[in-house]
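Chemist: The residues making up each chain are set out below.
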Amino acid sequence: MSGLNELYQELILDHNRNPRNFKKIENADKLVEGYNPLCGDHYTIYLNMDGDLIKDIGFQGAGCAISKASASMMTTAVKGVTKKEAEELFTKFHALVTRDVHDNNEANIEELGCLGALAGVAEFPARIKCASLAWHALHGALNSEGKAVVSTEDSKKD
Amino acid sequence: MKTQSQSAVTEIETAPSFDVQRIREDFPILKQKVHGKPLVYLDNAATSQKPQAVIDTLTRYYVGQNANIHRGVHYLSEIATYEYEKARGKVKLFLNAADSREIIFVRGTTEGINLVKDTYGRKFIGKDDEIIISAMEHHSNIVPWQLLCEEKGAKLRVIPMNDRGELLLDEYEKLLNDRTKFISVVYVSNSLGTINPIKKIIQRAHERGIPVLVDGAQAASHLKVDVHDLDCDFFVFSGHKVFGPTGIGALYGKTKYLEQMPPYQGGGDMISSVTFEKTTYNVLPYKFEAGTPNIADVIGMGTGIDYVTGVGFEAITAYEKELLKYATEALSNIEGVRIIGTAKEKAGVISFVFGTVHAHDVGTILDQEGIAVRTGHHCTQPVMQRFGIPATARASFAFYNTIGEVDALARGLRKVKEIFGA
Ligand SMILES: Cc1ncc(COP(=O)(O)O)c(C=O)c1O
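Chains as they are written, first to last, in our numbering: chain V, 1 to 158; chain L, 1 to 422.
Among the hints, erroneous ones may be present.
Straight line, CA to CA, 16 Å or less: simulated EDC-like cross-link-like pairs of lysine to aspartate or glutamate [said to hold, decoys possible]:
1. L:Lys415 <-> V:Asp52
2. L:Lys417 <-> V:Glu10
3. L:Lys199 <-> L:Glu173
4. V:Lys84 <-> V:Asp52
5. L:Lys181 <-> L:Asp118
6. L:Lys127 <-> L:Glu150
The hints are simulated quantities; they were obtained by calculation from the structure and are not laboratory data.
On a predicted model such as this, the values are computed, not experimentally measured, just so you know.
Construct the complete structure from the given sequences, taking the supplied hints into account.
Modeler: Given below as structure tokens:
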């Protein structure tokens with residue numbers, strides 16, 4: 001698959017058109033806003049926890065196809081898992097989209113399930129932030145009490 | 001075989017009024033391929049490309065002229081000083097200022113505005129005073145004034161615009177009152193392309209004795225600027241948007257204001273004498289140029305100005321008008337494209353949204369076709385809010401762009417449509 005076709009493959013376009021868990025959760029335990037001040041992408045993520053378990057997750061907001069599809073896929077991947085498992089997924093996902101595409105190490109896509117569809121982002125450095133925005137927001141939510149705001153520019157993370 | 005005179009005649013008859021292919025030869029970067037496709041550079045509002053002459057000037061300076069200025073009696077220092085001051089003369093002519101002493105070198109538009117805010121603003125604007133800007137300002141002409149307002153307890157007032165992206169002059173006049181102490185407005189909008197009726201705005205302000213700063217960052221590469229005719233009190237622009245190097249720009253200010261203003265930064269070059277008790281400041285413009293300036297890029301900016309004035313603004317304006325018209329039609333013919341900024345008076349900037357496809361995705365797909373456009377809010381978030389959109393894609397033209405490149409853009413957008421099925 002060429003870079004562009006891989007980036008905008010059907011699964012991603014589908015999550016963009018029909019985002020999953022695209023809902024506000026009233027009285028959510030945790031609410032975090034993630035935004036990218038450079039491009040205006042802006043999402044709110046709602047979490048309901050049962051101890052360490054992510055019982056329910058929803059998101060709302062607007063942004064490009066990559067950020068929206070990634071947020072949607074993230075919600076499906078972390079619903080019903082523990083905080084620790086979610087953080088491990090984040091680490092793996094982050095490694096996937098920031099990997100050096102020029103060295104020949106095959107990306108470890110299998111264990112990421114549908115998240116692996118975003119592997120193509122690594123070829124588009126300007127879009128890595130789009131793919132990881134929702135994950136940074138989730139990470140912020142899991143590690144804060146109640147409400148939080150996360151910006152892609154806070155610590156120049158990608 | 002043709003005789004010499006015959007071929008000269010045919011050349012004149014067939015020569016296009018504006019030989020864009022020949023001009024492109026002067027810009028080495030334009031020969032480049034990006035992702036295997038010829039580069040189509042349509043991000044000129046962000047920064048323009050540099051002609052070989054500017055690149056050569058920088059090399060020549062560092063190879064054979066480099067020395068500190070205004071402080072040596074030796075040969076190189078004299079040459080460097082001469083070239084530096086010659087560039088000031090070029091900026092003076094470029095803007096049609098009355099006197100070279102009214103030209104102050106700064107890092108760019110942003111620093112120029114901050115200089116005026118820190119010196120004129122701090123001295124003459126106080127509690128409950130009002131500063132007027134417009135709804136289409138770049139963040140660099142919003143935030144400095146907000147900072148000043150915060151510091152002084154002054155108020156920021158904003159001239160609104162209509163749905164085409166044109167300022168409402170009636171509303172502007174209603175904003176003017178006895179508390180209005182300063183007006184700072186953009187000449188050409190970087191996100192909408194609107195050319196504002198700056199002269200009228202200045203006239204109304206001057207009827208009340210209010211000074212006006214013009215943000216000329218976009219105007220300087222598209223229009224013949226004449227600060228005398230505009231009668232503006234301050235004018236700022238960036239060299240890098242006028243085919244010169246980055247990190248350099250100029251502020252024009254009327255002598256009567258510059259003389260009343262305190263220095264901007266303290267240091268070398270801006271003083272005439274220093275004792276621990278008292279320092280007397282240097283004369284204009286040096287009072288505002290503390291420390292070793294960006295000598296090489298000042299001289300490079302001078303060459304950029306030579307280049308653009310050599311092409312000539314009459315030709316540039318006419319050519320870019322055709323290009324804009326062609327591009328506006330080409331983009332309007334693509335289903336789903338909505339152009340943001342449809343003022344009657346426009347420079348070569350087309351901002352647009354494309355159905356439900358986000359500008360970022362448009363930008364990535366165009367990039368794969370070798371086409372460079374800017375996507376996002378273009379440092380004008382209030383403009384995006386005014387139009388209720390998060391971002392636009394923006395194609396901005398220079399006189400080296402071609403009709404063929406506009407066609408490439410249109411083809412690229414059809415590809416976006418294919419991928420997104422928009
Ligand atoms: C209208 C306008 N004003 C100000 C600026 C700031 O210019 P600079 O970043 O060169 O200081 C820009 C450039 O982006 C601009 O387009």
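Chemist: Each hint should be assessed against the structure and marked as holding or not.
Modeler: Status of each hint after checking the structure:
no.: 1; hint: L:Lys415 <-> V:Asp52; verdict: violated (45 Å)
no.: 2; hint: L:Lys417 <-> V:Glu10; verdict: holds (14 Å)
no.: 3; hint: L:Lys199 <-> L:Glu173; verdict: holds (14 Å)
no.: 4; hint: V:Lys84 <-> V:Asp52; verdict: holds (8 Å)
no.: 5; hint: L:Lys181 <-> L:Asp118; verdict: holds (15 Å)
no.: 6; hint: L:Lys127 <-> L:Glu150; verdict: holds (10 Å)
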